[in-house]
Each structure stands twice: as C-alpha cells, then as structure tokens.
Amino acid sequence: MTQPTNPTADSMPKTEEPTMPAPDELVIVPHTHWDREWYEPHDVFRLRLVHMLDRLLTTLEQNPDFRFTLDGQAAAVDDYLEIRPEQRERVAAAVERGQLAIGPFLILLDEFLCDGETIVRNLELGLKSSRRIGPEMRVGYLPDMFGHAAQMPQLLRGFGIRHAALWRGVPARVDRHAFAWRSPDGSVVRTEYLLDGYGNALDLFALPGQLEQLVAEYGRSIASWYGADPILGMLGTDHSAPPADLMDVVGAATEAGIATRLSVDTIEGYVRRVASEWDAGDDTALDGWPAVDGELRSHARGNLLPGVFSIRTNLKRAMADAERRLLVAERLDAAFGADDHRAFFDTAWYRLVESTAHDSVTGCGVDATADEVENRLVTAAHVARGVVLRTMERLAAAVPPERFVVANPAGFARRAHVEVRLDDPARRELGSGVQLLDGFPEVLGDEVMRTSDLRRLLARIHGRELFGQLINDWRFTDEGLRFDVAEAPVGEFDLAAFVVELERRIASDPDDARTWRVEIIAAPRRRAIVGVDVGGLAAVEVDPATATSLGHTGGDVVRVGADGRTLANASLAVVVGETGSVRIETAGGAGGERTVLEDALRLVDEGDRGDSYNYGPMAAGTVVDTPDAVEITVLESGPIRGRVLVRRRYTLPASIDAIDPDRRVAAQVPLDVDTVLELREGEPMLRVTVEFTNLAADHRMRLLVPTGASELPTSAAAGQYAVTERGRSGEGGWGEFPLPTFPAARFAAAGAATLLVTKHSEYELVADEASGQDALALTLVRSVGLMSVNIHPLRDEPAGAQFPVPGAQYLGARVRTEFAVLPSPDGWAAADAPRWAELLRSEPEVARGTRGGPAVVGGVAGAGGAADAAGLPDVSVLEVGGSVVLESFRRVEAADGTGALEARFVNYGTSPARLAAVASGTWDRTDLTGRVIERDVDLAGFMMGPARIETFRSRGSAPDRG
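The numbering of the sequence shown is UniProt numbering, which starts it at 1 and goes up by one.
Check before you lean on any hint, since a few could be wrong.
[As the list claims (entries may be wrong)] Distance windows between CB atoms, simulated:
(1) T929 to G227: 44 to 50 Å
(2) G227 to T714: 31 to 37 Å
(3) T633 to M943: 49 to 55 Å
(4) D282 to M943: 52 to 58 Å
Hints are computed from structural coordinates only; laboratory data are not their basis.
Note that the Cβ used here is the ideal one computed from N, Cα and C, for glycine as well.
Can you make the complete structure from the sequences, with help from the hints?
Right, here's the structure in full:
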C-alpha cells in the first residue's frame with residue numbers, strides 16, 4: 001500500500017535548531033513491504049518476490065553484516081519456497097544467522113475485516129510456518145494496516161510477544177518513538193511507532209554523496225522523538241528489492257568520518273536493543289512513556305482509508321461465512337466426530353487467513369485480485385461443509401429415519417428452529433412445535449419410452465436411490481411403470497427382482513412395438529420449521545410428532561396480520577408503514593417501560609464520487625430516500641416463525657456525471673429492494689434480510705435504524721474479541737478527513753438500538769433529520785469504478801493508481817445483507833447482545849436419521865448406520881450458562897503428542913463475569929500457544945476479567961467417539 005514519500009515534511013513537529021548536533025546513531029532496517037496481491041493478482045506479485053529473494057539470498061551470503069526484515073509475514077517465505085523448494089536450506093541458514101527476520105504472522109492482515117479467532121489462527125499458522133525454517137521474529141510487525149484492533153496487544157501477549165511496530169492510527173498526543181499500547185483487559189505491548197512510515201530512510205539514500213547532510217538534517221528534525229535512543233531508519237517500500245550496495249555505501253560513509261554512526265539491523269534487533277529491560281520482562285520499563293488504550297484509529301498522522309469496510313461487500317460476506325462455517329465445523333467435529341480432520345482444517349484456515357491481507361479482503365485491489373480472494377474463501381467454506389456433512393451423517397446413524405438430529409454448535413443452550421422436509425405430513429401426527437411451510441413437486445419424472453429404452457432406467461438407479469429419493473415401491477401396469485419414492489425408506493427394495501421383471505417385459509416385446517409411460521412419483525413432502533430446545537454444544541433427537549411449541553404451554557407464539565403489516569411475538573411488535581419502514585416496539589420490562597423505534601429500516605441512497613479506499617460525498621441534492629411503490633406479502637404466518645416480504649421500488653440515477661463528478665446523471669434505473677422481516681418464538685430480536693440486484697453505479701445505499709435518542713456521544717461495536725466505544729468524530733490532522741464510519745463484526749449499538757450483523761460491516765451514528773433522532777446507518781452497498789481517484793474530496797493524495805475496477809460497481813450483482821435489530825432501553829449489555837449475536841451467527845445443523853438403512857442427506861444418497869448404532873450423547877459436551885461467549889472448540893495436539901480439546905472464551909463485558917461453563921474432564925488454563933498457566937481449573941466457577949480472552953485445554957487424550 002502506497003505510503004507518503006516525505007511524511008516528515010508535513011506531519012511531524014520539528015525540533016531542528018541550527019546548533020543541534022547530528023544524531024549519534026541511525027539504525028538502518030532494510031526491508032520490503034510485500035502486498036501479496038493488490039493492483040496485480042497474487043501470482044504476478046509472487047514472480048517479483050521470487051526474483052527479489054533470489055538476489056537477497058546472494059546479498060546476505062556475500063555480506064555477513066547485512067540484515068533484512070521480510071515484512072512480518074511468513075507467507076512470503078511459503079510463496080517463495082513453493083517455487084524454489086531447492087532454496088530451503090539457504091533461507092534457513094540466513095534465518096539462523098540472524099540476517100533474515102521472518103514471521104510472526106502468516107499474513108499482514110486487515111485487523112477489522114476478520115474476527116478475533118482468525119487473528120489467533122494467523123499467528124498460529126505464521127509461527128508454524130516460520131519455525132519450519134528457523135526462529136521467528138518476536139515483534140508484532142504491523143506496518144501498513146488501516147488501523148489496529150483493540151485486542152491486538154492481548155493477542156500478541158497470548159503468544160508471548162511483548163513488542164509491536166506499526167505506523168497508522170496512532171493519536172496525535174503520542175510524541176515519542178514508542179508507547180505502551182493497552183488492550184481493554186490491561187495487556188500491554190511496547191509499540192515502536194514508525195512515525196514517518198515504513199520507508200522513512202529512503203530519502204536519506206536518494207541523492208548520491210549527500211548521505212551525511214541528509215542524515216544530519218533528518219536527525220535534527222525528529223530529535224525530540226528519540227532522545228538518547230538511536231534513530232530508526234526503515235529502508236524499503238512496497239515490493240522493493242534490497243539495495244545491493246547498501247553495505248558499501250554505509251562503509252564508505254563511515255570511512256569518510258560521518259558524524260552519525262550507521263548500523264544495519266532487523267526491526268527485531270532494533271527494538272530489543274532500545275527496550276532491553278522491557279524485553280527481559282520488566283513491566284515498569286514503560287513507565288513515563290506515552291500510553292494508548294484500545295484501538296488505533298486516528299487519522300492524525302496517516303490515512304486510515306475507511307472506505308475499504310464498505311466496498312465489495314461480497315468479500316466481507318464470504319469472509320464472515322468462511323469464518324463461521326469453519327468454527328462450526330471444528331466444534332461439531334471435536335464434540336461428535338470420529339475422524340481426524342485437522343489437516344483439512346489447516347488447509348482451510350490457511351486459505352482463509354491469506355485472504356485477510358490488507359489489500360485482499362479489503363477489496364481495494366483490481367477485479368482479478370478480488371475474484372481470487374473470493375474463490376479462496378468459498379473453497380475454505382467448502383472444506384468446512386464437508387466436515388459438517390460427515391459429522392451430521394454420523395449423528396444421523398443413531399436416529400431412525402422418521403426423526404431428525406439437531407446439533408447446536410453454540411455454547412449457549414437455545415431454542416433452535418430448524419427447517420426439515422416431512423413426508424406425507426397430512427397422514428402423520430405432528431406436535432405443536434411444527435409449522436408447515438410450502439410443498440415440493442410430487443412428479444419427479446413422467447416420460448414415454450419405447451421398450452428398447454427401458455434398460456436406461458438401470459443407469460438411474462443406484463442401489464435404492466432414484467433422482468435423489470429412495471425407492472419404496474414399483475409396479476408395472478397396462479400403461480407403463482411407476483416408481484413410488486420418498487426421502488425415508490419404507491420396507492425393502494429388491495433391485496435384483498426389479499431387474500428380472502424389467503428384462504421379462506423387454507423380452508416380451510422383441511419388435512420394440514410398444515411404448516411405456518414411466519412415472520417417478522414422490523410421496524407428498526412439505527418444508528416445515530420445527531422448534532426444539534437444545535443444550536450448549538449438544539445434539540438432540542427430534543420427533544416431529546412430539547415437538548412442542550412455546551405457545552403450547554401459554555408461552556410465546558408468533559402472530560402475523562392477514563395484510564402483512566403486523567408481526568408480533570412475546571417480546572416485540574412490528575408494524576410496517578406506508579413507505580416500507582417499520583415501527584418496532586418491545587413488550588415492556590418489569591416496570592412496564594417500552595422501547596419504540598420509529599421509522600426503522602428506512603433506506604437512503606446517495607451518490608459516491610470516491611474510490612475503493614474512501615467514500616466521496618457529492619453536492620447536496622443527490623439523495624434518494626423515498627420509494628415509488630411498496631408491496632407487502634405474507635410469507636409465513638406463524639406460530640413458530642413469521643415472515644413478511646416488503647418490496648420497495650426506487651428510481652435511482654444511473655451513475656455520476658463523467659464531466660462533473662459532483663452531479664448524478666439524469667438517466668435513471670429502477671431498483672427493487674426486498675426486505676424480509678422475521679420473528680421467531682422465544683427471540684427478542686427482529687431478523688432482517690435485505691436483498692436487491694444493483695443496477696446503479698457510483699452510489700452508496702444505507703439502512704437506518706433509530707436509536708430512540710438524540711445527541712448521543714458514542715456508539716459501540718463488537719469485533720475482534722472486544723466491544724469498542726467510539727465517538728461521533730475522528731481525530732484528523734493528516735490529509736484525510738476523519739469520516740466517522742466504523743467497522744463492526746458482531747454488532748453495532750447506540751441508545752436503545754443494537755444491530756446484530758452476520759458479516760463484516762460498516763456503520764455510522766448519524767443525526768437523522770427525518771426522525772429527529774440519532775440513527776445507526778448500516779451500509780448495504782457502495783459502488784465505485786476506480787481503485788483510487790487522483791482527486792478526492794476527502795483525501796489530499798491518491799491511495800494508489802487510478803485503475804478501473806468495473807467489478808466494484810457491482811452492476812447486475814445480487815446484494816444480500818442479513819442482520820437483526822435487538823431493541824433495549826438500557827443498551828447492548830442489558831440486551832445480552834454478545835449472546836444473541838453468537839446465536840444469530842451459529843445456526844444449528846439438522847439431518848434426517850438414517851438408522852437401519854440408507855437415507856438421503858442433502859439430496860445425495862449417504863451410507864446409513866447400523867441398526868444398533870450408539871445413541872446420541874445425553875448431555876451437552878460444553879455449555880456456558882452466563883454471558884461469556886464460547887468462541888472456539890477444537891481438537892489440538894498437546895505438547896506430549898496426545899490429543900486434547902481446546903476451548904476459548906471471551907468476556908465482551910466491562911465487568912468481571914463468571915465463566916459458568918460445564919464440561920466433563922479435567923481442564924488446564926493455557927496461553928494462546930497451549931502453554932499451561934494454571935492446572936485443574938474449575939470452569940464453572942472461573943472468573944473472567946473484563947474483555948479477557950481465556951483458553952483452556954482438556955487434560956489427556958481427546959474423547960474417542962468412534
């Protein structure tokens with residue numbers, strides 16, 4: 001990512017005085033910043049990387065004093081050795097000699113466009129990859145991320161790393177070259193501030209013969225930042241090769257008597273030298289240094305480029321989907337699986353983590369890069385799906401075909417709602433917990449065949465399966481042949497007997513004179529939603545005949561008005577207005593108080609003259625916020641689930657004006673926006689799905705949810721294992737306007753409104769003139785046509801080249817956003833937002849039972865289990881009873897080589913919380929590497945501090961559920 005060429009000129013306070021001496025020492029750190037994919041796709045940049053590292057290895061071998069920092073990301077070494085495997089020993093030797101610094105991350109991620117567990121896996125994979133070569137760099141080197149997440153210090157300390165080094169996001173009040181960066185839980189890393197960017201020494205070597213003068217001038221200009229410490233000179237930039245003659249230049253300057261001592265080192269060598277006491281474990285060594293708490297999102301001395309949160313929303317959705325699927329697969333595999341799938345998970349996590357790079361998931365590269373990123377994420381999700389299917393098939397083998405197995409991947413007990421397919425529901429008894437939905441076609445095949453073609457039927461039958469169903473009966477008639485099929489087996493099917501009869505019929509017509517009507521008729525089937533109570537990380541058997549609704553005992557029931565304008569359950573009442581926005585009202589608390597959110601889900605569209613890095617506002621008069629027409633359709637009327645479709649038609653300008661980018665063109669396009677409102681029994685949230693096909697270019701569409709208040713000072717958002725509170729304006733001072741749009745991975749909240757999101761999203765707390773209240777504005781789509789624009793209304797300098805990116809316009813693309821509105825007068829904590837966000841994103845899995853024979857799972861024939869298959873576990877594998885969230889549950893390898901289970905929890909609250917977890921076995925508390933901190937921990941009584949991340953491992957082998 002491009003950095004300023006001379007940042008000191010404008011960004012730093014100067015201390016230069018004519019009488020000040022030259023600095024005592026300049027430590028030069030040769031490096032490259034390797035954007036793995038950006039304005040070129042990965043393999044184009046890798047070719048450059050390979051040739052650069054070919055030269056570097058020779059340089060290192062010829063110059064024993066030369067040092068090089070390989071950008072903090074081990075993927076660069078992986079990429080190189082995949083092409084040059086014969087160079088492994090040379091790379092390892094350079095690392096062992098201390099000349100080449102690698103790791104600790106696998107990839108230089110965007111810290112806000114992946115969730116906390118992905119950052120953990122990034123470091124895990126980075127350390128594993130690095131250690132295959134040699135010792136890793138023990139510095140969290142983060143040179144070019146677009147801001148930094150609040151929990152990064154705690155995550156680094158969890159891996160035993162006490163140092164960070166970074167550039168962007170540091171607030172203006174920091175006036176030293178290092179500061180104490182504190183996570184919300186109090187974890188601290190000493191952070192080396194790359195105050196002039198990651199290429200501040202480039203200009204010093206730019207003019208031959210002027211090194212001494214340039215070093216002296218630069219040293220005087222920033223003397224107050226370093227005091228007695230040597231000045232750090234980062235010599236490198238994007239995709240740069242190391243200066244081959246650097247040691248000659250340094251040697252010549254030293255021989256000529258330069259006043260400043262010049263040395264060459266890695267970034268790790270520098271920070272260990274200037275922070276030896278802190279490095280040795282002295283936690284008082286940072287006393288007196290500036291301290292910064294939480295996330296780093298100041299624009300004071302570097303661009304943050306916040307528009308990357310809203311561009312190419314498909315990548316944000318694919319990232320969240322892959323993360324969610326992998327975590328669910330790991331949990332179910334660890335709880336109920338019998339096979340070792342760790343190699344599959346390693347492969348999938350690698351693909352996911354490499355896609356978190358700060359020019360990858362951000363979407364600020366060219367279209368080819370974005371396509372490659374999305375494909376990696378999709379294939380990572382495919383691995384997870386394969387594991388889930390296998391695990392569910394194993395559970396299904398313990399359940400008879402007329403029943404279902406439901407597995408809850410969340411740590412919280414829940415009221416689960418699962419969709420199933422029921423055979424012939426009109427002829428079977430159904431419990432009150434079953435709500436019938438639409439039916440399926442019964443005629444799967446109806447064709448006329450000549451006698452000679454009948455043998456083709458044998459190619460369609462696989463054992464008992466035919467067209468994705470199971471053959472329960474067949475019969476020849478005077479007119480032809482009929483198969484009766486269903487999803488569940490009834491009786492036996494004798495394939496050999498069928499073949500004998502088929503051949504007899506064929507032989508009876510040697511002249512091929514007659515025709516046969518061949519029918520494949522499925523038993524009547526309907527989709528249904530079933531409500532069932534299930535414990536945390538548990539699997540239960542569900543019998544539709546006995547499933548009970550909450551309303552059956554006088555509890556919750558969902559009601560939908562005949563015209564679709566009202567939905568209600570025991571917690572919420574929703575009314576759809578004339579313009580398609582809604583009124584959301586809570587049922588009231590113990591004191592009878594109610595929360596009302598008026599005019600929620602209103603859509604606001606406006607022109608965008610920006611690029612993939614920054615939203616570009618236009619002149620007034622470009623806003624469209626009123627639909628031309630509204631249609632309301634009842635999709636489901638309860639009592640388990642109610643759903644209403646609200647279709648709003650808008651007319652939008654087709655694009656911005658090519659000549660005057662402050663105007664939208666007169667040409668218009670229609671835009672139909674479908675909003676599905678959904679209430680379920682037992683849930684205090686309104687689920688919302690917004691979907692449309694984008695036909696307009698150069699625009700931003702946002703959805704507004706009122707907060708029930710005005711002039712709120714802050715909003716809050718959850719992501720990366722923390723809840724961060726943010727003000728209504730950002731700190732400026734650089735060449736970028738600090739637009740207060742922020743990221744959210746779990747939820748965003750202000751006042752009485754909490755939005756639970758299912759993908760990495762952008763939000764802003766805005767003053768909504770229409771309602772007279774503050775509102776949370778959730779970005780649905782932002783369409784632009786250029787990677788970076790040279791002239792931007794909110795940014796002084798380009799963020800990259802002005803490459804066309806037509807794919808970022810999203811023209812003809814289907815945009816889908818799923819979230820939930822969780823109202824509460826006392827805010828997100830009182831609403832238990834972390835719990836509901838976890839339940840929203842960790843939906844239960846369901847499969848039809850297969851005990852006693854073959855069945856169809858997901859439309860594909862699967863092997864059935866034996867009739868005497870073991871029953872389902874009768875207790876939760878791990879259940880959390882309080883507000884702490886189970887984030888990860890997986891199989892790991894202990895230090896002694898035995899298998900173990902690992903569980904990771906996060907307290908998102910601002911107060912201590914009891915873990916209140918129940919699990920069998922003996923558990924030790926560990927750090928993020930698996931090193932034991934405390935043995936024999938009582939999971940039920942363990943107290944977690946505010947914003948703490950805690951990891952536990954079972955003692956001994958993981959359960960063998962085979």
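Going through the hints against the structure:
1. As the Cβ distance of T929 to G227 is approximately 35 Å, the hint placing it in 44 to 50 Å is violated.
2. Taking the beta carbon of each, G227 and T714 are about 36 Å apart, inside 31 to 37 Å as hinted.
3. Taking 49 to 55 Å as the suggested C-beta distance range, the pair T633 and M943 conforms, at roughly 50 Å.
4. Look at D282 against M943: about 28 Å separates their beta carbons, and that is not inside 52 to 58 Å.
The earlier numbered hints that this structure contradicts are 1, 4.
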